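So the sequence lines, in the order shown, correspond to chains A and B.
Using numbering that gives the first Met the number 0, read the first sequence as starting at 0 and increasing by one per residue.
Using numbering that gives the first Met the number 0, read the second sequence as starting at 0 and increasing by one per residue.
Source of the hints: derived by calculation from the structure; they are not laboratory data.
Any given hint could turn out to be false.
[Said to hold, decoys possible] Here are the computed distance ranges between Cβ atoms for each label pair:
#, chain 1, residue 1, chain 2, residue 2, range
1, A, D69, B, L247, 37 to 43 Å
2, B, K249, A, H212, 25 to 31 Å
3, B, Y200, A, K249, 55 to 61 Å
4, A, Q85, B, Y200, 25 to 31 Å
5, B, Q148, A, E144, 54 to 60 Å
6, B, A255, A, A50, 43 to 49 Å
7, A, N156, B, K177, 18 to 24 Å
8, A, N62, B, N250, 30 to 36 Å
9, A, L247, B, K173, 26 to 32 Å
10, A, K173, B, E208, 44 to 50 Å
11, A, N156, B, Y200, 46 to 52 Å
Predicted, not measured: the structure shown is a model, and the values here were computed from it.
In this text, a Cβ means the ideal position worked out from N, Cα and C, and glycines have one as well.
There are 2 protein chains.
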Amino acid sequence: MLPLILITNDDGIHAKGIRSLIEIAKPLGEIVVMAPKKPMSSKSHAITTDAPFRIKTLQKEENYWECHIDGTPVDCVKVAMASILQNRQPDLILSGINHGVNASINTIYSGTMAAAIEGSILGINSIGFSLTDFDADADFSQGEEFIRQIIQDVLQNGLPQNVCLNVNIPAAAKADIKGMKVCRQGKAYWTEKAHFREDPYGRDYFWIEGFFHNQDTETDTDTWALENNYISIVPVQHDFTSYPSLQLLKNRVLYA
Amino acid sequence: MLPLILITNDDGIHAKGIRSLIEIAKPLGEIVVMAPKKPMSSKSHAITTDAPFRIKTLQKEENYWECHIDGTPVDCVKVAMASILQNRQPDLILSGINHGVNASINTIYSGTMAAAIEGSILGINSIGFSLTDFDADADFSQGEEFIRQIIQDVLQNGLPQNVCLNVNIPAAAKADIKGMKVCRQGKAYWTEKAHFREDPYGRDYFWIEGFFHNQDTETDTDTWALENNYISIVPVQHDFTSYPSLQLLKNRVLYA
Chain A
0 MLPLILITND
10 DGIHAKGIRS
20 LIEIAKPLGE
30 IVVMAPKKPM
40 SSKSHAITTD
50 APFRIKTLQK
60 EENYWECHID
70 GTPVDCVKVA
80 MASILQNRQP
90 DLILSGINHG
100 VNASINTIYS
110 GTMAAAIEGS
120 ILGINSIGFS
130 LTDFDADADF
140 SQGEEFIRQI
150 IQDVLQNGLP
160 QNVCLNVNIP
170 AAAKADIKGM
180 KVCRQGKAYW
190 TEKAHFREDP
200 YGRDYFWIEG
210 FFHNQDTETD
220 TDTWALENNY
230 ISIVPVQHDF
240 TSYPSLQLLK
250 NRVLYA
Chain B
0 MLPLILITND
10 DGIHAKGIRS
20 LIEIAKPLGE
30 IVVMAPKKPM
40 SSKSHAITTD
50 APFRIKTLQK
60 EENYWECHID
70 GTPVDCVKVA
80 MASILQNRQP
90 DLILSGINHG
100 VNASINTIYS
110 GTMAAAIEGS
120 ILGINSIGFS
130 LTDFDADADF
140 SQGEEFIRQI
150 IQDVLQNGLP
160 QNVCLNVNIP
170 AAAKADIKGM
180 KVCRQGKAYW
190 TEKAHFREDP
200 YGRDYFWIEG
210 FFHNQDTETD
220 TDTWALENNY
230 ISIVPVQHDF
240 TSYPSLQLLK
250 NRVLYA
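Input sequences plus hints: build the corresponding full structure.
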């Protein structure tokens with residue numbers, strides 16, 4: 000029996016990146032695509048609880064069912080599970096290919112990664128793919144062979160329980176990609192600058208522009224791997240507990 | 000000099016929970032409130048990158064400035080930092096008090112916790128507070144004394160670098176609260192059930208209803224603490240790397 004593969008993304012059903020991912024996955028299993036109708040970048044793990052959903056089927060044929068909803072990437076996973084998949088658990092959830100890098104601290108803002116993390120919460124093998132090129136017309140062909148290999152590896156060998164993969168592909172010619180590197184999430188943060196404007200009615204508004212600050216100079220991070228033309232592969236978990244802090248806090252009088 | 004305290008939440012500027020938190024914090028520092036104009040529950044770490052912001056000041060007096068924006072909780076932190084706080088780093092970020100529990104896997108969906116985590120990413124001492132009562136008219140008074148103690152402790156002793164606190168308060172009479180417990184995040188997941196409906200025009204739509212599944216029977220979790228009338232305090236970090244999986248993946252032929 001063909002493995003059941005659920006595909007979603009955060010750039011929306013019409014993005015070039017999900018088209019590329021669908022083409023790679025099609026020969027490997029029975030495909031269900033449930034993607035956001037509209038772009039949902041940087042929606043993180045947001046879910047919709049204050050509105051109902053409608054599913055629109057865009058294409059349905061043997062072993063292929065493509066739909067969209069007006070929702071976030073995590074909504075897509077939850078809605079697919081609760082509606083068209085009914086009691087069938089996917090063998091694999093794929094998210095992406097994202098237009099833009101999702102390494103380092105971007106993991107927490109990313110809708111692409113949130114869908115994969117949601118899969119891992121549910122105990123389903125899941126992978127998020129991103130290309131380090133934000134262009135809507137980015138060239139996804141260079142990473143295709145690597146993506147196919149990773150998908151086949153996970154279908155065959157699985158992943159540790161409740162762990163998904165965060166795969167980032169450098170936007171480079173295939174010949175220049177040096178290989179794959181298993182890394183940890185690099186330490187970084189974003190700060191923002193406000194750009195103040197006035198609208199035609201004299202009212203103030205402003206845009207905020209983000210600046211990435213890399214705090215990590217080690218060579219075992221995803222940031223380093225990508226800067227050095229490696230595909231970065233970070234095993235991702237969702238336990239937010241800071242274990243080293245547990246005893247430290249327990250030692251404080253207030254919490255004793 | 001008074002410590003600078005930034006306050007936000009995810010239930011919106013008019014929620015009873017943030018009013019309670021403001022009243023507790025006011026005697027302890029210079030207060031800046033930047034909260035969402037509208038309810039933003041379950042918006043996780045989502046940020047707005049496709050629209051500008053307008054700040055509306057609702058109240059401004061000595062050592063107190065209250066504003067709202069049309070944005071998510073994390074937007075509130077970012078916008079406050081980039082606009083009205085300019086180059087002043089808050090000494091403390093407080094988020095909440097949330098109407099409803101944010102323990103266990105809810106941490107990842109929570110806008111309340113996302114704002115606190117954003118603070119910890121920026122290296123600012125941050126605390127998210129939640130009450131295990133979703134009612135808009137919930138009684139926040141029972142936990143007030145505990146919240147004041149935790150805020151004072153963090154102002155005085157700080158937190159480990161890049162770690163914030165996830166504090167959940169059981170909706171119980173003060174006399175029944177047994178104390179505070181430092182815990183890890185309990186293991187759990189949500190599944191959803193679809194409720195299919197038809198609109199007056201004959202078109203299908205559906206709601207999804209969530210069901211919480213606790214996978215953890217240990218007594219060191221936030222779930223256990225709350226069920227046993229303790230205030231749960233989880234130290235929260237934002238490194239998603241699954242460290243035990245790193246070597247395991249490196250041992251695979253594909254990634255070697």
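The hints, checked one at a time:
{"no.": "1", "hint": "D69(A) to L247(B): 37 to 43 Å", "verdict": "holds, 39 Å"}
{"no.": "2", "hint": "K249(B) to H212(A): 25 to 31 Å", "verdict": "holds, 28 Å"}
{"no.": "3", "hint": "Y200(B) to K249(A): 55 to 61 Å", "verdict": "holds, 59 Å"}
{"no.": "4", "hint": "Q85(A) to Y200(B): 25 to 31 Å", "verdict": "holds, 26 Å"}
{"no.": "5", "hint": "Q148(B) to E144(A): 54 to 60 Å", "verdict": "holds, 58 Å"}
{"no.": "6", "hint": "A255(B) to A50(A): 43 to 49 Å", "verdict": "holds, 47 Å"}
{"no.": "7", "hint": "N156(A) to K177(B): 18 to 24 Å", "verdict": "violated, 46 Å"}
{"no.": "8", "hint": "N62(A) to N250(B): 30 to 36 Å", "verdict": "holds, 33 Å"}
{"no.": "9", "hint": "L247(A) to K173(B): 26 to 32 Å", "verdict": "holds, 28 Å"}
{"no.": "10", "hint": "K173(A) to E208(B): 44 to 50 Å", "verdict": "holds, 46 Å"}
{"no.": "11", "hint": "N156(A) to Y200(B): 46 to 52 Å", "verdict": "holds, 49 Å"}
Checked against the numbered hints above, the structure breaks only hint 7 and satisfies the rest.
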